[in-house]
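Chemist: Read off the chains here:
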Amino acid sequence: MAGQSDPHLSIFSAPELEFLAEDEMVEVVPNIRMEALHVICGDFGPFFPQIAKVPLWLALALKKRDKCTIRTPEWMSVERLTQVLEAERESPREFQPLPFHYVEISRLLFDHARDDIPDIYMVRSLIEDIRYVRFHKVETGLETISGRTHAVKLKNLSAMEVNIVRPFMVRALQAFYKHDSPQMIQQPQTMGSRRPQVVDRGSRRDLRPR
Amino acid sequence: MPGYYDIDDIIMEEEPISVVFQVGAHGVGLLDPGSETNNVENGAKVDLPFWLAHELYLRQAVSISVPACFSQKTRKEIQADAACVDLRIRCPYFYELGCKIVPCKVSDKSIGSFLHYAFTGRYKEILSKSHSASVVTVPKFSTRLTKEESQLFEAARSSMLAFKKWRLGGSRLEKASILGRKRKTTIPACPSTP
Chain A
1 MAGQSDPHLS IFSAPELEFL AEDEMVEVVP NIRMEALHVI CGDFGPFFPQ IAKVPLWLAL
61 ALKKRDKCTI RTPEWMSVER LTQVLEAERE SPREFQPLPF HYVEISRLLF DHARDDIPDI
121 YMVRSLIEDI RYVRFHKVET GLETISGRTH AVKLKNLSAM EVNIVRPFMV RALQAFYKHD
181 SPQMIQQPQT MGSRRPQVVD RGSRRDLRPR
Chain B
1001 MPGYYDIDDI IMEEEPISVV FQVGAHGVGL LDPGSETNNV ENGAKVDLPF WLAHELYLRQ
1061 AVSISVPACF SQKTRKEIQA DAACVDLRIR CPYFYELGCK IVPCKVSDKS IGSFLHYAFT
1121 GRYKEILSKS HSASVVTVPK FSTRLTKEES QLFEAARSSM LAFKKWRLGG SRLEKASILG
1181 RKRKTTIPAC PSTP
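Sequence order for the protein chains is A and B. The numbers in my numbering rise by one with no breaks, and the one at position 2 of the first sequence is 2. The numbers in my numbering rise by one with no breaks, and the one at position 87 of the second sequence is 1087.
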């Protein structure tokens, strides 16, 4: 589980994050009638052949047993993703709002619900492009951090992307903090005028224009 | 973060530093390979590990001179191109040693900003190379990094590789490796008892 591997590295591994993503709700259309399911996290009502909202793990389990079809989430349509990709390419410092677990949800749906998604190749390549553009933005933003950075704000970043950069970013910030802090005080004669700035918060390295 | 129990810190403190003795020391001629008697003269230049040099410095018995890895030659190389300098050969604990030396009032006061400059320059390279996750460019570059930088590099690379591995798919349950070995059937060919 989390924390069993090297504690200095990432808190979550990728499969663990996928497991957490399976709590998201999706819509399914069951093929069969079934009575209500009572599980620990709640009750999932009697299933009729009409749209029902269930967690993703339950949807995948039903799908594997051929008991339902999964309705594609509305953010996963080709038009919506093309819009998001255009917007990502246009704004070099902002991230577009996307569902928090979009990477994991899309991968799970591609693997298990292949026939339920229209234009699957197009959707897959769009999501890859979006992921690539966003990650590139994260990297460019990371280039600009320095010792004065106290916090890095990344708005609208998704869970998997955060998980990838988390160990690197934490270590880099620690290293910059170590290198930058005592040196200022070391040379008071040359940097006397800069002394008061050491106690103030320093600039916030936003990746979003204020 | 350095600490009493941190292995990297302990190994780092073994790095030799050249010091100049301010007082004469009796009975420790072992430290100075050039001394004839069992004493170290006042003003003798000796190589000591950092932990010893630091302690003696606190007792004002020695003065610490700038280690070779922070010499002018290294500085010029780093100013030329920070990312290509092979810091591991010079001193694998470049940054940590520098940070420890800075409070020792070594004659050269600009070590701190020099370290910061070197690190910022190399950080950009580390950032781009570690996240590309291709096997080819890695070995050449990673041999030039100090211990601290290579930890940073490894952290990014392993998380990137883990993500890529997850993305390729496959079941979440891994088979334990012990089950993979072929087992010989151990049914001996014994004659059935009548």
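Don't read these hints as lab results, they were simulated from the structure. Careful, some of the hints might be misleading.
With a cut-off of at most 30 Å between alpha-carbon atoms, the simulated DSS-like pairs for lysine-lysine come out as follows [stated by the list, open to error]:
no.	chain 1	residue 1	chain 2	residue 2
1	B	Lys1175	B	Lys1164
2	A	Lys178	B	Lys1165
3	B	Lys1124	A	Lys153
4	A	Lys178	B	Lys1140
5	A	Lys137	B	Lys1124
6	B	Lys1164	A	Lys153
7	B	Lys1124	B	Lys1147
8	B	Lys1175	A	Lys153
9	B	Lys1175	A	Lys178
10	B	Lys1129	A	Lys155
11	B	Lys1175	A	Lys64
12	A	Lys137	B	Lys1164
13	B	Lys1045	A	Lys137
14	B	Lys1073	A	Lys178
15	B	Lys1140	B	Lys1129
16	A	Lys178	B	Lys1147
17	B	Lys1076	A	Lys153
18	B	Lys1140	B	Lys1175
19	A	Lys137	B	Lys1100
20	A	Lys155	B	Lys1175
21	B	Lys1147	B	Lys1175
22	B	Lys1147	B	Lys1164
23	B	Lys1140	B	Lys1164
24	B	Lys1129	B	Lys1045
25	B	Lys1175	A	Lys63
26	A	Lys53	A	Lys63
27	B	Lys1076	B	Lys1164
28	B	Lys1129	A	Lys178
29	B	Lys1140	B	Lys1165
30	B	Lys1140	B	Lys1100
31	A	Lys178	A	Lys153
32	B	Lys1076	B	Lys1129
33	A	Lys155	A	Lys137
34	B	Lys1124	A	Lys67
35	A	Lys153	B	Lys1140
36	A	Lys137	B	Lys1175
37	B	Lys1045	B	Lys1073
38	A	Lys53	A	Lys137
Chemist: Against each hint, give a clear statement of whether it holds in the structure.
Modeler: Quick rundown of the hints versus the structure:
1. Only pairs whose Cα atoms come within 30 Å are accepted, and B:Lys1175 paired with B:Lys1164 is accepted, the gap being roughly 20 Å.
2. Between A:Lys178 and B:Lys1165 the alpha-carbon distance is near 33 Å, which puts this suggested pair outside the 30 Å criterion.
3. Restraint check for B:Lys1124 and A:Lys153: satisfied, since their Cα atoms lie roughly 19 Å apart, inside the 30 Å limit.
4. The suggested pairing of A:Lys178 with B:Lys1140 holds, with an alpha-carbon distance near 27 Å, which does not exceed 30 Å.
5. Of the supplied pair hints, the one linking A:Lys137 and B:Lys1124 holds, its CA atoms being roughly 14 Å apart against a limit of 30 Å.
6. Between B:Lys1164 and A:Lys153 the alpha-carbon distance is near 25 Å, which keeps this suggested pair within the 30 Å criterion.
7. For the hint linking B:Lys1124 to B:Lys1147, the alpha-carbon distance of about 17 Å falls within 30 Å, and the restraint holds.
8. Distance hint between B:Lys1175 and A:Lys153 is unfulfilled; the C-alpha atoms sit about 40 Å from each other, more than 30 Å.
9. Only pairs whose Cα atoms come within 30 Å are accepted, and B:Lys1175 paired with A:Lys178 is rejected, the gap being roughly 43 Å.
10. Only pairs whose Cα atoms come within 30 Å are accepted, and B:Lys1129 paired with A:Lys155 is accepted, the gap being roughly 25 Å.
11. At roughly 21 Å between alpha-carbon atoms, B:Lys1175 and A:Lys64 fall within 30 Å of each other, so this suggested pair holds.
12. Using a Cα cut-off of 30 Å, the hinted pair A:Lys137 and B:Lys1164 holds, with the two alpha carbons roughly 19 Å apart.
13. A hinted pair counts as satisfied when its Cα atoms are at most 30 Å apart, and B:Lys1045 with A:Lys137 does not qualify at roughly 52 Å.
14. For the suggested pair B:Lys1073 and A:Lys178, the alpha carbons sit about 25 Å apart, so the restraint of at most 30 Å is met.
15. Distance check on the hinted pair: B:Lys1140 and B:Lys1129 sit about 11 Å apart at the alpha-carbon level, within 30 Å; holds.
16. Proximity of A:Lys178 to B:Lys1147 is assessed by CA-CA distance (about 15 Å); at most 30 Å being required, the pair is judged to hold.
17. A hinted pair counts as satisfied when its Cα atoms are at most 30 Å apart, and B:Lys1076 with A:Lys153 does not qualify at roughly 36 Å.
18. A distance of roughly 34 Å separates the Cα atoms of B:Lys1140 and B:Lys1175; the hinted pair therefore is violated under the 30 Å criterion.
19. At most 30 Å may separate the alpha-carbon atoms for a hinted pair to count; A:Lys137 and B:Lys1100 exceed this at roughly 36 Å.
20. Restraint check for A:Lys155 and B:Lys1175: the C-alpha separation of about 39 Å exceeds 30 Å, so the hint is violated.
21. Our distance criterion of 30 Å between C-alpha atoms is broken by B:Lys1147 and B:Lys1175, whose separation comes to about 34 Å.
22. Our distance criterion of 30 Å between C-alpha atoms is met by B:Lys1147 and B:Lys1164, whose separation comes to about 25 Å.
23. Distance restraint check for B:Lys1140 and B:Lys1164: the Cα-Cα separation of roughly 22 Å lies within the 30 Å cut-off, and the hinted pair is therefore satisfied.
24. A threshold of 30 Å between alpha carbons decides the hint, and for B:Lys1129 with B:Lys1045 the separation of about 42 Å lies outside it, so the pair is violated.
25. About 24 Å separates the Cα atoms of B:Lys1175 and A:Lys63, which keeps this hinted pair within 30 Å; it holds.
26. Simply put, A:Lys53 and A:Lys63 have alpha-carbon atoms about 14 Å apart, close enough for the 30 Å limit, and the pair holds.
27. The suggested pairing of B:Lys1076 with B:Lys1164 is violated, with an alpha-carbon distance near 39 Å, which exceeds 30 Å.
28. Restraint check: the Cα-Cα separation between B:Lys1129 and A:Lys178 comes to about 23 Å, which is no more than 30 Å; the hinted pair holds.
29. A distance of roughly 23 Å separates the Cα atoms of B:Lys1140 and B:Lys1165; the hinted pair therefore holds under the 30 Å criterion.
30. Restraint check for B:Lys1140 and B:Lys1100: the C-alpha separation of about 29 Å stays at or below 30 Å, so the hint holds.
31. Annotation: proposed proximity of A:Lys178 to A:Lys153 holds, straight-line Cα distance about 21 Å (limit 30 Å).
32. Proximity of B:Lys1076 to B:Lys1129 is assessed by CA-CA distance (about 24 Å); at most 30 Å being required, the pair is judged to hold.
33. With a CA separation close to 12 Å, the supplied pair A:Lys155 and A:Lys137 stays within the 30 Å bound.
34. Annotation: proposed proximity of B:Lys1124 to A:Lys67 is violated, straight-line Cα distance about 51 Å (limit 30 Å).
35. With a C-alpha separation of about 33 Å, the suggested pair A:Lys153 and B:Lys1140 falls outside the 30 Å cut-off, and the hint is violated.
36. Of the supplied pair hints, the one linking A:Lys137 and B:Lys1175 is violated, its CA atoms being roughly 37 Å apart against a limit of 30 Å.
37. A C-alpha spacing of about 21 Å is found between B:Lys1045 and B:Lys1073, which places the hinted pair at or below 30 Å, so the restraint holds.
38. A distance of roughly 34 Å separates the Cα atoms of A:Lys53 and A:Lys137; the hinted pair therefore is violated under the 30 Å criterion.
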